[in-house]
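**Student:** What follows is each chain in one-letter form.
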Amino acid sequence: MKSEDLLRSVIEVEAPWQVVKVRDDLGKRQVDVWIAQQTGRSGWFFGSKATVPQDREQVWRHINLGNSRCLIHAVPPPKAAGEAPLWCGDGDLPFTRAMSRQIASMLLEGIKFQSICSILDVTVADLWKFKHSLDSGKAGLSSAPPPPPAAAAPSTRVPEADDPVWEKLLDGSTNIDIRVLSLKLLLTKLREQMRVITDAEVRVLKAYELQRYFVRYEQMLNHELGQLGR
Amino acid sequence: MNTNEGLMPVGRAADLIRAGKYLSIGGDEQALRQLPAGNWIGGTIPYFMANDGGKISRDQVFVHEIKGFSAPPIMRLYDADGLPQLCRNAPENGFTILIIPAFSECHGSFAENAPNYEDMYMKPVVGWISGIHLDDLGKVSPKVVLGTTGEFSEQHAVAMDVPLPPNKFARVDIINLFRPGTGDTITFAETGFSVGACQINGKQANLADYLIGNSTDTRLPLVADYCGAMINVSIKGIDANARRVDFYAPVFPGLDYKIAAPVNDYLGSFQAALPKIDSGISFSCNCILNFLYSGLEGKRTANVTGPMTFGEIGYQLLNQTLVYLTIEG
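Protein chains in written order, with the working numbering: chain A, 1 to 230; chain B, 1 to 329.
Keep in mind the hints are simulated off the structure, nothing from the lab. Remember, predicted model here, so these are calculated numbers, not experimental data. Worth double-checking, as some hints may not be accurate.
Claimed, not checked - Here are the simulated EDC-like cross-link-like pairs (lysine to aspartate or glutamate), alpha carbons at most 16 Å apart as the crow flies: (1) A:K129 to B:E118; (2) A:K131 to A:D92; (3) A:K112 to A:D92; (4) A:K131 to B:D119; (5) A:K28 to A:E12; (6) A:K168 to A:E224; (7) B:K203 to B:D225; (8) A:K112 to B:D119; (9) A:K131 to A:E218; (10) B:K258 to B:E297; (11) B:K299 to B:D278; (12) A:K112 to B:E118; (13) B:K168 to B:D265; (14) A:K129 to A:D171; (15) B:K168 to A:E218; (16) A:K112 to B:E92; (17) A:K138 to A:D90; (18) B:K168 to B:E297; (19) A:K131 to A:D199; (20) A:K131 to B:E328; (21) B:K258 to B:D217; (22) A:K129 to B:D225; (23) A:K138 to A:D177; (24) A:K28 to A:D121.
Using the sequences provided together with the hints, build the complete structure.
**Tutor:** Here's what the structure looks like:
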């Protein structure tokens with residue numbers, strides 16, 4: 001396989017899109033990739049006439065290529081063009097959809113922000129911007145992979161993360177008497193976020209967040225857990 | 001009562017610092033400046049609830065001794081940019097005491113953004129907003145102190161991260177005597193310390209006009225129900241010309257606020273609201289507005305003592321609320 005084909009395959013660039021330029025000298029351990037639509041010629045790589053109009057170009061952080069950061073430069077496809085490619089970002093989000101999915105998976109696993117920043121070499125500011133967009137319902141994770149099965153300890157009284165009880169608590173269809181201040185405040189915040197979040201996968205993320213709190217403070221939550229029907 | 005805690009002369013506090021104790025200290029700036037460097041954090045305030053009642057003192061300091069930790073607590077200053085890392089830096093099991101100077105950038109930033117900090121509500125945070133004697137308004141600024149270096153700051157927050165052994169856990173709770181009154185429901189479209197536009201029972205209105213028109217007692221806070229926790233937003237003032245109401249904490253969208261019902265007997269109500277606490281209170285503070293509005297000078301609020309502050313921190317910024325920390329397990 002030619003190196004050009006390998007890069008196209010790794011980034012999952014498919015027709016009518018093509019990689020039109022690659023640079024590895026714009027930052028330390030950084031690969032910048034420009035992607036544009038074909039303009040009728042058969043050439044797929046570098047030699048094509050296709051270019052990325054600079055005035056409308058956006059840049060998103062993509063999944064790392066080995067130890068190198070990967071930045072995608074492109075003009076977002078119009079929404080009417082169907083589901084956007086994974087190498088493309090949504091709105092003002094700093095990440096491509098593929099990168100967003102990777103980060104969402106890590107958040108679901110309960111990996112700390114700082115660890116995510118360190119593992120993926122992303123900035124805290126970008127990660128916060130991303131999470132804020134999710135929490136405020138301004139962005140979603142549609143077509144994200146299903147969350148991994150929760151590994152609840154066998155002895156725990158806390159329902160598993162995919163138990164419907166969490167969504168019911170979050171949407172207010174289930175109410176319980178809460179004695180712990182931090183849970184009162186957390187649930188209020190999450191309910192307010194759920195009110196504006198329509199994306200199914202982000203709602204799952206919120207359920208995982210609430211379940212993690214219960215796992216962490218199980219010994220303090222006897223009164224509350226007793227009302228969850230377990 | 002632990003003799004290492006409570007309102008005490010500066011000399012006694014200095015002895016505790018020199019003995020290597022880990023302390024959280026509130027006091028007037030001139031009193032705090034007499035203390036030696038050591039394992040302590042502090043904030044300026046001359047109002048206290050002492051064992052023998054509410055007091056105003058410029059030459060005594062209020063000391064909470066921090067005990068039971070599994071490793072030496074870590075003390076540090078935060079600027080407004082670093083403050084969102086507060087909970088991430090906190091120990092996995094333990095608690096953080098946070099003091100923020102009133103009117104600082106950290107104060108505003110924490111008030112508006114703390115609910116969205118990483119790990120907020122996952123790790124206990126308790127603390128207060130430092131202030132000044134009301135006679136000194138406009139003359140001096142509230143400050144915090146990092147005792148390890150002796151640095152005073154009117155712009156930074158100071159924090160002490162206290163790790164606990166695995167068999168112990170910290171619990172932050174509040175006593176708020178205010179309950180939503182039976183009046184109108186007030187909602188806001190945006191987060192803010194200052195508000196004009198709002199909705200009253202779902203209809204567009206101006207809050208300043210509403211409060212003035214109804215001759216509302218502005219000593220009563222707005223109260224919102226956070227899944228059973230009554231959270232106050234105290235009214236700082238009304239600018240009738242600007243048709244604007246200023247608060248001591250921000251209001252948030254998505255919450256239903258009501259003007260609080262009056263509390264006629266603060267001390268009696270407080271006594272009735274105080275739960276039985278077997279493990280003892282490790283830290284507590286109350287609000288200067290409760291001190292002033294309820295006339296607490298010389299009066300005791302049971303055995304719950306501490307600084308009377310310009311804002312309380314129980315995870316997020318609170319107003320007119322007693323906050324306390326217990327260590328359980």
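**Student:** Each hint: holds or not?
**Tutor:** Verification of the supplied hints:
1. A:K129 to B:E118: 13 Å, holds
2. A:K131 to A:D92: 12 Å, holds
3. A:K112 to A:D92: 23 Å, violated
4. A:K131 to B:D119: 13 Å, holds
5. A:K28 to A:E12: 24 Å, violated
6. A:K168 to A:E224: 14 Å, holds
7. B:K203 to B:D225: It is violated: about 20 Å lies between the C-alpha atoms, which goes past 16 Å.
8. A:K112 to B:D119: 9 Å, holds
9. A:K131 to A:E218: 26 Å, violated
10. B:K258 to B:E297: 28 Å, violated
11. B:K299 to B:D278: Status violated; Cα separation ~24 Å.
12. A:K112 to B:E118: 8 Å, holds
13. B:K168 to B:D265: 36 Å, violated
14. A:K129 to A:D171: 24 Å, violated
15. B:K168 to A:E218: Measuring from Cα to Cα gives roughly 13 Å; hence the hint holds.
16. A:K112 to B:E92: 12 Å, holds
17. A:K138 to A:D90: Within the cut-off at roughly 10 Å; holds.
18. B:K168 to B:E297: With a Cα-Cα distance of about 36 Å, the restraint between K168 of chain B and E297 of chain B is violated, given a limit of 16 Å.
19. A:K131 to A:D199: 13 Å, holds
20. A:K131 to B:E328: 33 Å, violated
21. B:K258 to B:D217: 13 Å, holds
22. A:K129 to B:D225: Violated, at about 28 Å.
23. A:K138 to A:D177: Outside the cut-off at roughly 31 Å; violated.
24. A:K28 to A:D121: Distance of about 12 Å is within 16 Å: holds.
Violated hints, in rising order: 3, 5, 7, 9, 10, 11, 13, 14, 18, 20, 22, 23; the structure is consistent with all others.
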